[in-house]
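Each protein sequence line maps, in turn, to chains L and S. Every number in the working numbering is 216 more than the matching position in the first sequence, counting from 1. Every number in the working numbering is 20 more than the matching position in the second sequence, counting from 1.
Treat the hints with care, since some could be wrong.
The calculated lysine-lysine pairs, modelled on DSSO-like cross-linking and capped at a C-alpha distance of 30 Å, are [as the list claims (entries may be wrong)]: (1) L:Lys301 with L:Lys380; (2) S:Lys141 with S:Lys162; (3) S:Lys162 with S:Lys173; (4) L:Lys301 with L:Lys233; (5) L:Lys230 with S:Lys162; (6) S:Lys137 with S:Lys173; (7) S:Lys160 with L:Lys230; (8) S:Lys162 with L:Lys233; (9) L:Lys380 with L:Lys352.
Footprint (simulated), chain L over chain S, 3 or more residues, beta carbon under 8 Å [as the list claims (entries may be wrong)]: (10) 50-59; (11) 64-70.
Read the hints as simulated data drawn from the structure, not as lab findings. Note that the Cβ used here is the ideal one computed from N, Cα and C, for glycine as well.
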Amino acid sequence: MLEGIFSDVSRMNKRQKFYQALNFGMIVSSALMIWKGLMVVTGSESPIVVVLSGSMEPAFYRGDLLFLTNNREDPVQAGEILVFKVKERDIPIVHRVIKVHESADGEVKILTKGDNNAGDDRAGMIYAPHQNWVTKSEIIGRARGYLPFVGMVTILMNDYPMLKYVLLGGLAVFVLLHRE
Amino acid sequence: MVNEEECVEEFTVVDRRLVLCTVACGFSAFALVYDYLFPFPRSEVVLAMCAISYFILMGVLSLYSIFCEGSIFMLARTTDTTGKKPDELWTLSSSLLRFSHHYTITVTYSNGGSKAKNSCKMEKSVTEWFDEDGGLVFDKFKTDFSNLCCDAKSFDKTQ
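Chain S on its own, in the form it takes in the complex:
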């Protein structure tokens, strides 16, 4: 997809999550070192603050992962080098229930200029892309996926 649509994968959503986790681990590491240098009970206040901050960050991380991230697994952006056309943003999310074979993939296309967002969903059984030996027939999946991307993009052009 990166090659066909000439877009670059964008990592902001993933990076925000990584930063949240790193900061949380940072608080915990700080508490560990501080308690080692100034043993309890001198470190009581610092330990309390670190523990509270850590659990608040864990809560923020959970909320972020449920509401902001959802089932999004990839973001890609097409930037026009001449600067004339606005950026296009692709958002891909998918879902596959644990013991189900119905795979749902949603492609959301948004054009920076028109501020319109278009979502196209494809729900198919995963068996359609796997051969009898259990190997993935990538070309078949690629065709289906390209059609989905075209649908998402073309709807926007007609608006």
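For reference, chain L alone in the conformation it holds in the complex:
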């Protein structure tokens, strides 16, 4: 089977080889454009996130997929599920808003807490050192919908990077060498 795939490619002329590369490019481009399109539509820099910890159980479990929107005009209210980024940390945090302070000039200060955590995020050392509140600029979005279990693939690929390379590499090789 392997020789078959390579022999297909070796018999292709320049145009066909270029078309194979373009096919691969178009698959990647389609995924990229759908992602960027979602970013524009939702207003969030990361419209789909995976819940990485169990701090929001029983609402969300590790591996759930969350769909976010980030409407900046819509005021943040207590009880909403917020996804935000903490300075110097890569992974976004998914927690519930428990306190909101809004000043006259529109500046907002938010306190969050994971449903499954004993204390709020200030006490739980989730925020950066000397940070007491979450501000609007740190918000990635608010959860609007979810799909259970679907995000487990992402968690597995993060925990076992080899799996990521093997899967994606294998897919790339298949698309590049497979002839329609």
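We have chain L; now place chain S onto it with these hints.
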């Protein structure tokens, strides 16, 4: 066929498709680079325009492939070096359904001067050109194909 009919393969149909795909990938690459240099939300407008353009191009590509390309797999043109006779254009298209053994090949011959187009179709089972071991008997196929081309060309001469 290229040798017998002294024609040269023409790539315009394929090239147009390649250009469409390349431009579409270009939009996507531009969006990627722009978003990297000017992170979201500054890149919002550019991203929106690139995404919309990309999907419009995908639509155009699909329409092109259904209506303009169809099942054409080769185009060939005979150009007269002395410039006296007009160009002859050969269009070849074929179809073979997934689990069927009936192969249909259509040859369309058009003479640039008379502007007449003639199509000849051959529908045969692929088993007629394969031997018991599963190898292609190219000479048999070549004979059938040459006859088809002659039919297409000769019909035009009688007009």
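Hinted pair, alpha-carbon criterion (30 Å max): L:Lys301, L:Lys233. Please report holds or violated. The given pair, whose Cα atoms are some 43 Å apart, is violated under the 30 Å limit.
S:Lys160 and L:Lys230: Cα distance at most 30 Å? Holds, at roughly 29 Å.
Regarding the pair L:Lys301 and L:Lys380, is the alpha-carbon distance no greater than 30 Å? Holds. L:Lys301 to L:Lys380 sits at ~24 Å (cutoff 30 Å).
Given the hinted pair L:Lys230 and S:Lys162, is their Cα-Cα distance within 30 Å? holds, 25 Å
Stated coverage of the segment 50-59 of chain S by chain L [criterion: 3+ residues, CB within 8 Å]: holds (count 4)
Could you grab the alpha-carbon distance between S:Lys137 and S:Lys173 and see if it respects the 30 Å cut-off? Cα-Cα ~10 Å, so holds.
Against the 30 Å threshold, does the CA-CA distance of S:Lys162 and L:Lys233 hold or violate the hint? holds, 27 Å
Examine the segment 64-70 of chain S: at least three residues should have C-beta closer than 8 Å to a C-beta of chain L. The restraint on the segment 64-70 of chain S holds, since 4 of its residues have a Cβ under 8 Å from chain L and three suffice.
Between S:Lys141 and S:Lys162, is the straight-line Cα distance small enough, at 30 Å or below? holds, 15 Å
Mind checking the alpha carbons of L:Lys380 and L:Lys352 for me, to see if they're no more than 30 Å apart? The given pair, whose Cα atoms are some 34 Å apart, is violated under the 30 Å limit.
Restraint status (C-alpha distance of S:Lys162 to S:Lys173 at most 30 Å): Distance of about 16 Å is within 30 Å: holds.
Taken one by one, the earlier hints fail for this structure at numbers 4 and 9, listed in ascending order.
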